[in-house]
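Undergrad: Please build the complete structure, drawing on both the sequences and the hints.
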Amino acid sequence: MTSAAIRPVSRALRRNLTAHGFLIGAVLCFACFSWYPMVREVIMSFQRQKAGRTSWAGLHNLRQVVNDPSFWPAWRNTAEFTALALLLGFALPFAVAVVMNELRHARGYLRVLVYLPVMLPPVSALLLFKYLYNPEYGLFDHVLALLHLPTSGWLQSPDMAMFAVVIASTWMNMGSATLIYLAALQGIPGELYEAAELDGAGLLRRVWHVTIPQTGSILSLMLMLQIVATMQVFVEPFVLTNGGQGVDGSTTTVVYLIYQYAFNFSNYGAACALGLLLLLVLAGFSAVYVRIDRRLER
Amino acid sequence: MRRSAALLIAATLSLTAAACSSSSSSNSTAAADSSGGGGKVTVSIDCAPPSSRPTQRQQWADDIAGFEKLHPNVTVKSIDTFPCETPELFTAALKGGTEANVFYTYFTDKQQVLDAGRAADITPYVTAGNLPVKDDILPSVWNSVRSGGKTYALPRTNYTMGMIINRRLFQQAGLNPDQPPQSWADVETDAKKIAALGNGIAGYGDYSAGNNGGWHFTAEMDAQGAAMVSPDGTKAAFDNAQGLAVLQNLHRLRFDDGVMGTTQLYKWGDLQKQMAAGKLGMYIAAPDDITYLVQSLGAHYEDFGMGPIPGPNGPGAGSLAGGDDYMFNRKDTPAQITAGVQLVSYLWLTEGQGQSFDYARSKASGQAVGLPEPQLFQGATAAEDTRLKTADATMPVQAFAPFVSANVPGVTEPANAQAIYKILDTAMASVLTDAKADPQKLLDTASSQVDEILANAQ
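Line by line, the protein sequences give chains A and B.
Under the working numbering, the residue at position 69 of the first sequence is numbered 69, and the numbers go up by one with no gaps.
Under the working numbering, the residue at position 409 of the second sequence is numbered 409, and the numbers go up by one with no gaps.
Take every hint as true, because none was put in to throw you off.
Covered stretches of chain A (in silico footprint by chain B; criterion: 3 or more residues with CB under 8 Å from a CB of chain B, positions within the stretch not fixed):
| # | stretch |
| --- | --- |
| 1 | 63-70 |
| 2 | 246-253 |
Lysine-lysine pairs mimicking DSS-like chemistry, simulated, CA-CA at most 30 Å apart:
| # | chain 1 | residue 1 | chain 2 | residue 2 |
| --- | --- | --- | --- | --- |
| 3 | B | K95 | A | K50 |
| 4 | A | K50 | B | K110 |
| 5 | B | K134 | B | K69 |
| 6 | B | K389 | B | K273 |
| 7 | B | K150 | A | K50 |
| 8 | B | K134 | B | K363 |
| 9 | B | K235 | A | K50 |
| 10 | B | K150 | B | K95 |
| 11 | B | K95 | B | K267 |
| 12 | A | K130 | B | K279 |
| 13 | B | K77 | B | K95 |
| 14 | B | K134 | B | K110 |
| 15 | B | K273 | B | K193 |
| 16 | A | K130 | B | K436 |
| 17 | A | K50 | B | K331 |
| 18 | B | K267 | A | K130 |
| 19 | B | K331 | B | K95 |
| 20 | B | K331 | B | K77 |
| 21 | A | K130 | B | K273 |
| 22 | A | K130 | B | K192 |
| 23 | B | K267 | B | K436 |
To give an idea of the interface, some chain B residues facing chain A are shown, with a C-beta separation under 7 Å as derived from the structure:
| # | residue |
| --- | --- |
| 24 | Q112 |
| 25 | T426 |
| 26 | N456 |
Because the hints were derived from the structure by calculation, they are not lab data.
Quick reminder that beta carbons are idealized off the backbone N, C-alpha and C, glycines included.
TA: Right, here's the structure in full:
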């Protein structure tokens, strides 16, 4: 290579040195704590360890997790949590954001109120709910009894346990989603609402024809993020049902099963295989999202 | 300016990386030093008491100093950890190979450590010279630290389970606290009288979450004299009359007698809080739970007593045993293993000295003396232990006499214990929360699920 050819390369390197300097931290962090563990997870999914020797196990780990009696119930429970959490955790913050956007008074106060639960450490918030759900001295059953309504076993009932987990989870997490929706709502030009009002549109029609189309991209992004987040549910059932299983395994989730394999059964191969399955499912959802998003952009 | 900032960030990262690498290299340096010449040996040991327990920490430091004086060529590097083992951290450390030269484990971790290939075979080092009480350690305890005829650890403590009773509640209910229940029929009778005291007091409590329900199901099966799995470990063996009796006993106490309160899904730590608060009459546990009740929850030793784990017609036929030990890092040099065996012997396995058996020092520093554990020895060492313990007892040891005199033999945990416990948690949770639960159906389901787990584990 001639010196004339080297000069532009070294100039480009010098010019980008600052950018590379700033990038290196993030790249190192992602490489060490995200990409490397992900690659290791894939490798370990096909390995097993016996007497200090690691050997290739083919599909043994995958077969082991699929044949686990808790495998399908865990997926079913995870899907149930995701569906319920979306129903409550997706729609409720949006509705609250719409109402808050319409309010003219006490906006700051209400925003703090809605966001406050997010600032509580999750375990503290869940312990609070565990207390509220207690069948002997919990507030919820006490109120139901005062109203002469049938009390519920909440976390001790296989039919109600997952619903109870979703209520706690929604209360804990809806603050962030509400503020994001509120920001999106406030970005909608006021003229659109004025025009709709002049056309005689009421509140519901304004929401349907102005608000939802104008916040479509945020809504679809939040939907995707919530699916990914809710399918990884772990802390809520782990704390609320004192270990994650619940009565009749009603709150056993996929990530809880991964935790059991890794830290209670010391079976990293099976834990990684199940983690890989979850990764593939979530990647599938992400692919669908990207496709829909591209179509919307067109 | 921007370039300077970028260079600063890069330099910081380099320094961080260097710091990380220097910490790992210092470990290897320590290992090299300890195996090096001059007869000098450095041996690291974990589970030293944390600074939040100053008395125990000082006693540990005194013991280490005493050991180093006896063995001037050995330098002990103490690593404080509390609790001594957190399963998540332990498995991660095992995976990363960052254990100390002498590292703490539960008996039940043995297979995990062996599978990970992290334990050294210490058989040739366990000699009467290095471990004078070698021949007086109970055979069942040795079995817990051996595999394939090789010794991989030295025991630290050992226990069997019994029934802890709240003596104060027994007295209030008109029961004799010196006669704790012997059979499940006795448990039912006593629990009814205690629960009748009202004020939210439960007569009996049991676990049903966090894999602890399955753990206690196993303990109660052992007391029935029945095994959890077939002798070859490939099939569940609890779907029988004894297994049914375990679930029926609990269902009856919970729903027919109403002596267990409404709240369930308890795991370790929950019943202890109730017991310490005087809201629970009895529960099945190991003797060291009493230490926890007093030292961590502010209860008083004189309020508790202990009887045997109940069986169908009297004390149980067997009692689930457990304990902990020190294993030795596979990377240890022969000199480190020798020093480690002598160190564990000095700290944990010598009558009249060290962490467990210096009863006079424990009494002088206000610590508890008199609990019926550790149950490590037989023969002359056991007799000497009883004599020394009684001489310095700080609690009414008579309260534990029913547990000690029943002398229920210990039974070790089954292989794949945690996976089995997880399945049995479901059965325990159902019988304690569902009045219409069908114990036989629950057993059938659990049995077929454990069969699948065991087949998968092959």
